[in-house]
Structure formats: C-alpha cells, structure tokens
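Trainee: Keeping their order, the protein sequence lines are chains P and C. According to our numbering, the first sequence holds residues 1 to 160 in order. According to our numbering, the second sequence holds residues 1 to 160 in order.
Rather than coming from a laboratory, the hints here were simulated on the basis of the structure.
Identical chains blur together in the list; that is why a pair holds if it fits in one copy or across any two.
Within a straight-line C-alpha distance of at most 20 Å, the following computed DMTMM-like cross-link-like pairs (lysine to aspartate or glutamate) qualify:
{"hint": "1", "residue 1": "K116", "residue 2": "D54"}
{"hint": "2", "residue 1": "K74", "residue 2": "D45"}
{"hint": "3", "residue 1": "K138", "residue 2": "E108"}
{"hint": "4", "residue 1": "K138", "residue 2": "D107"}
{"hint": "5", "residue 1": "K74", "residue 2": "E53"}
{"hint": "6", "residue 1": "K116", "residue 2": "E29"}
{"hint": "7", "residue 1": "K84", "residue 2": "E39"}
{"hint": "8", "residue 1": "K74", "residue 2": "D54"}
{"hint": "9", "residue 1": "K88", "residue 2": "D45"}
The chain contents come next:
There are 2 protein chains.
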Amino acid sequence: ARPRVGYYYTGREPRDVIAGVLGNIRVQEVQSRPIVVRETSTVYDAIVTMFIEDVGTIFVVSEEGFLEGLASRKDMLKATMGGKDINKLPVGVVMTRMPNIIVTYPDESVLRAAEKLIHHQVDSLPVVETVLHEGREKYRVVGRFTKTNITRLFVSLAGK
Amino acid sequence: ARPRVGYYYTGREPRDVIAGVLGNIRVQEVQSRPIVVRETSTVYDAIVTMFIEDVGTIFVVSEEGFLEGLASRKDMLKATMGGKDINKLPVGVVMTRMPNIIVTYPDESVLRAAEKLIHHQVDSLPVVETVLHEGREKYRVVGRFTKTNITRLFVSLAGK
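For reference, chain P alone in the conformation it holds in the complex:
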C-alpha cells in the first residue's frame, strides 16, 4: 500500500507533537523535593530554611505530616515589612491556608500542572497524595512542582 504521507504529516504538526509530549510527561518525572516546616515554626526560621534550601515557596505541615499551608517569598516579605517580630510570629499566621491551596498529583500531566500555575498565578504547587486520616481526606506532600521544573524540562526536551 502507498504510504499515507499526508495523514502522518498532519498528525505530526508541531503543536500536536508538543501537546502529545507534554501531555504524556507526569509531574512525578520532573518534580523537586518538597521543603517543609511545621506550623509552629517562626517566620524567621521558615525564611532561614528557604534560604538554606534555596526555594521560593515553603510548605507547612501538621504534626502528622499533612499539608496545612504554604508561604512564598512574597508572603515572607510582607511579614518582614509588617513591623512584627518575626522571631516570635508563627509561620501559620502568614501562610496561605488549606483549602485555599492549588495542588497537583504525581500522575498529573506537566501540561495540566503548568496550566494551574498560570491560571492561579502561583510559582509552586505542592505535589500531594490524598490519604484518609480519622475519616477525613488529607494531603501528604510528596513533591514540589515549579516554573523551574518546567524551564528545565523545556531545555531538556530540546537539548542535544
């Protein structure tokens, strides 16, 4: 049979190729290690942890390790500008709290996770697994998905 060149050509338009690749790569393949502090940590200690780990967003977890909130450099900058004593202020006071947090999942496509970053205007998503704890759904934090992961992927997809 004659090769259906036209068919294959149409099916491999750049947009389709890119959509296919990005739709098939999972968050867990490119995610970073999550950096977490406890809700009782001070703002000062949380900022120091962010500097040491060089992350733009820190996740705040309960004693049992479940996601309670997150704080960005912007949140921290607002806190330090506010004139309060950040050596005494708990990070729980300045963080964005559950359920107002956009999350992603290990098996979500990087394309869908990237759409969440853009749509919700955030720099970082906690990668979570849903678990049942005392009859309630909780999030266990297993990773961090950021615009840096996308930029790295972007470079590596086109790399030699």
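Let chain P serve as the given structure and place chain C on it in line with the hints.
Mentor: Relative to the frame of chain P, chain C by itself:
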C-alpha cells in the same frame, strides 16, 4: 518519485520538532514589560513597586535609563532581615550590580534564554539592547524574560 518517508519521519522526531520550534521563537515574542526603579530609590520603595507590579525581580537603572543592577525578592528578604532601616537604605546597596548580571536580547531564541536561566540559577533576565553612550557600551532595558514567560509559552504551544 517515491516519498522519502523515512527521511521526513526522522526529521520530525519529537525532540527535533520541539528544538525547532523553541529555537525559532524569539525572546521579544514572549517577554514581559520591564519594571524599573532608580538606584537612589529606597529598598522600601523598590519592594512596594514589586508588590504593586507583582514582579519577582526589579531592574535598577541610571538617570539615563541604562541597566545598573537588579534585585530579586530574595535580595529584598535578606535586606529586610538585616536589621537596617529599609526606609533609608538605597536599593543600590542590596542589588546585584553590573557587570555581574546575565542578560538576554530581543532576538535571542527562548531556548537559549531558558538555558541561561537554568545555568545561572536566576528567575529573571533583563532583555536589553546594547547602545554606545559616551564611548562606552551600555544596556538599555527593553523587557523582562522569566520562567513565567516560559511556562505560558509551554502551555500555549500545546494548547487548543
């Protein structure tokens, strides 16, 4: 003549398609508006400008409008943690100063600019045009290229 299917197929492997697309899109097609302050601005005023404009990095320019430095949220956080009076401290004291700044150009490929972001571990590049001023090469800031631009491009390339 018989279509050279194998040839075309090889030439359109996903990696080649992606490299071709990313290598052909220029920084000026996706860049954002640069947000600048003067070197004599206080750290406080620079942070307020960053909040109002919602940018993670601010560019610092001379009286003539040439790039002198840049400051990130991290630089600002360090400054506010340092115990100095940010209402008096000029942003010039805390910024990263020329020539220690990685820049990009309007006609550079987004792939090359993305590589710079990753390699130099920065979140934002000033997009500049080189001009001759009093016998010296200076940078005029014409845009801002960030991981957000890449994330948006990533989504739009695969979008419907």
